[in-house]
Amino acid sequence: NAGVTQTPKFQVLKTGQSMTLQCAQDMNHEYMSWYRQDPGMGLRLIHYSVGAGITDQGEVPNGYNVSRSTTEDFPLRLLSAAPSQTSVYFCASSRGQGSYGYTFGSGTRLTVV
Amino acid sequence: AQTVTQSQPEMSVQEAETVTLSCTYDTSESNYYLFWYKQPPSRQMILVIRQEAYKQQNATENRFSVNFQKAAKSFSLKISDSQLGDTAMYFCASHTGTASKLTFGTGTRLQVTL
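So the sequence lines, in the order shown, correspond to chains A and B.
The first sequence begins at 127 in the working numbering and counts up by one.
The second sequence begins at 147 in the working numbering and counts up by one.
Extracted from the complex, chain A is given alone in its bound form:
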C-alpha cells in the first residue's frame, strides 16, 4: 500500500543542469499534480493532469515540463535548472478531480546552486 511515491528525496543541481523528479501512485487515481512549497508562500500548483495523455498548467509552470503516459506515473522535468527553482516539490494524486482530498508524496527537497 505505497500510495504516492516520489524520488529522489533530496537533490542538489548546478545551474543549467536538467533532471526529472519521479512520481508514481498505485491507487488508480485519475488526477495527479505537482506543487512547489516555498517559505511563506504555501503550496503553489505547477502542472496537473486529469488523466493519461492530458496535462495542463498551474499557476507557476515556467521552467517545468510534464507528461502523463500512464495512469500511474507523472514525472516533472526541469530542463535548465535555475536558483529560483530551489524549493520543496510535492506530487499529489486524487480520485475524481480532487474533491475527496489529495494524497501527497513525501516531497523532494531540491537545491540549485
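Simulated from the structure, these hints should not be mistaken for laboratory data.
Note that CB positions come from ideal geometry on N, CA and C, so glycine has one too.
Among the clues, some could well be false.
[Claimed, not checked] For lysine to any residue, the following SDA-like pairs were computed, each having C-alpha atoms within a straight-line distance of at most 20 angstroms:
(1) A:K135 - B:Q190
(2) B:K216 - B:Y179
(3) B:K219 - B:N204
(4) B:K216 - B:T151
(5) B:K201 - A:G227
(6) B:K219 - A:S225
(7) B:K224 - B:I192
(8) A:K140 - A:V238
(9) B:K216 - B:Q148
(10) B:K201 - A:S225
(11) A:K135 - B:P187
(12) A:K135 - B:P186
(13) A:K135 - B:I192
(14) B:K216 - A:S225
(15) B:K219 - B:T233
(16) B:K201 - A:Y226
(17) A:K135 - B:R189
(18) A:K135 - B:Q185
(19) A:K135 - B:S188
(20) B:K224 - B:Q148
(21) B:K216 - B:T166
(22) A:K135 - A:T146
[Unchecked claim] Derived DEER-like restraints, expressed as beta-carbon distance ranges:
(23) A:E156 - B:A147: 19 to 29 angstroms
(24) B:D172 - A:D182: 16 to 26 angstroms
(25) A:E185 - B:S153: 15 to 25 angstroms
(26) A:Q143 - B:S220: 43 to 53 angstroms
(27) B:A162 - A:P209: 36 to 46 angstroms
(28) B:S220 - A:S206: 39 to 49 angstroms
Once you have looked at the hints, place chain B on chain A.
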C-alpha cells in the same frame, strides 16, 4: 480565482488545551470543498479534515473540528486536548471542480508546549 488567507503565521498552545486556527477564503463557485492539512517536521502532508460547502453541519474528526461559516467565508480549525504530536504547520485549502486544483493558504505554525 480562489484565494485562501491564514492570518496567524504562528500560534502556541499548552498540552491538553484547545486552540483554534483561522482561515478565510474567497470563491465565486457555489460547489466547493475545504480542507485542513497538517505538515509535521517530517514534511509529509496529511489530510486532517474535509468540509463540503453544501453541508451545513460542521465536520469533525476525533479531536479536530471545524467552524464553517459559509456566509462569512470562514473555515476555522479547532484542536481539542492538544498533544505534543499536533506540533506542525497547518494549511487551509479550497477546491472547486471547475479549477481542478487545491488552493492553499500560507500556513500557521502551531507549537504545542508542556
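**Prompt:** Under the criterion that the straight-line Cα-Cα distance not exceed 20 angstroms, is the pair K135 (chain A), P186 (chain B) satisfied?
**Reply:** Judged against 20 angstroms, a Cα distance of about 16 angstroms means the pair holds.
**Asked** Is K216 (chain B) close enough to T166 (chain B), meaning Cα to Cα at most 20 angstroms?
**Response** Given pair K216 (chain B), T166 (chain B) holds - Cα atoms ~17 angstroms apart, limit 20 angstroms.
**Item:** Hinted pair K135 (chain A) and R189 (chain B), Cα distance within 20 angstroms
**Value:** holds (11 angstroms)
**Asked** Are the Cα atoms of K219 (chain B) and S225 (chain A) separated by 20 angstroms or less?
**Response** Holds, because 18 angstroms separates the two Cα atoms, which is no more than 20 angstroms.
**Asked** Is the straight-line distance between the alpha-carbon of K135 (chain A) and that of S188 (chain B) 20 angstroms or less?
**Response** holds (12 angstroms)
**Asked** Are the Cα positions of K219 (chain B) and T233 (chain B) separated by 20 angstroms at most?
**Response** violated (26 angstroms)
**Message:** Run the distance test for K135 (chain A) versus Q190 (chain B): straight-line Cα separation, threshold 20 angstroms.
**Reply:** holds (12 angstroms)
**Message:** If I claimed the Cβ atoms of Q143 (chain A) and S220 (chain B) lie 43 to 53 angstroms apart, would that claim hold in this structure?
**Reply:** holds (45 angstroms)
**Request:** Below or equal to 20 angstroms on CA atoms is what counts here, so check K140 (chain A) against V238 (chain A).
**Result:** The hint holds at about 6 angstroms.
**Asked** Taken at face value, is the distance from the CA of T151 (chain B) to the CA of K216 (chain B) at most 20 angstroms?
**Response** OK: K216 (chain B) and T151 (chain B) at ~15 angstroms, within 20 angstroms.
**Prompt:** Are the Cα positions of K135 (chain A) and T146 (chain A) separated by 20 angstroms at most?
**Reply:** Holds. K135 (chain A) to T146 (chain A) sits at ~12 angstroms (cutoff 20 angstroms).
**Message:** So if I understand the rule, the pair passes when the alpha-carbon distance is 20 angstroms or less; does K201 (chain B) with Y226 (chain A) pass?
**Reply:** Given pair K201 (chain B), Y226 (chain A) holds - Cα atoms ~14 angstroms apart, limit 20 angstroms.
Comparing the model with each numbered hint stated earlier shows that hints 15, 20 do not hold.
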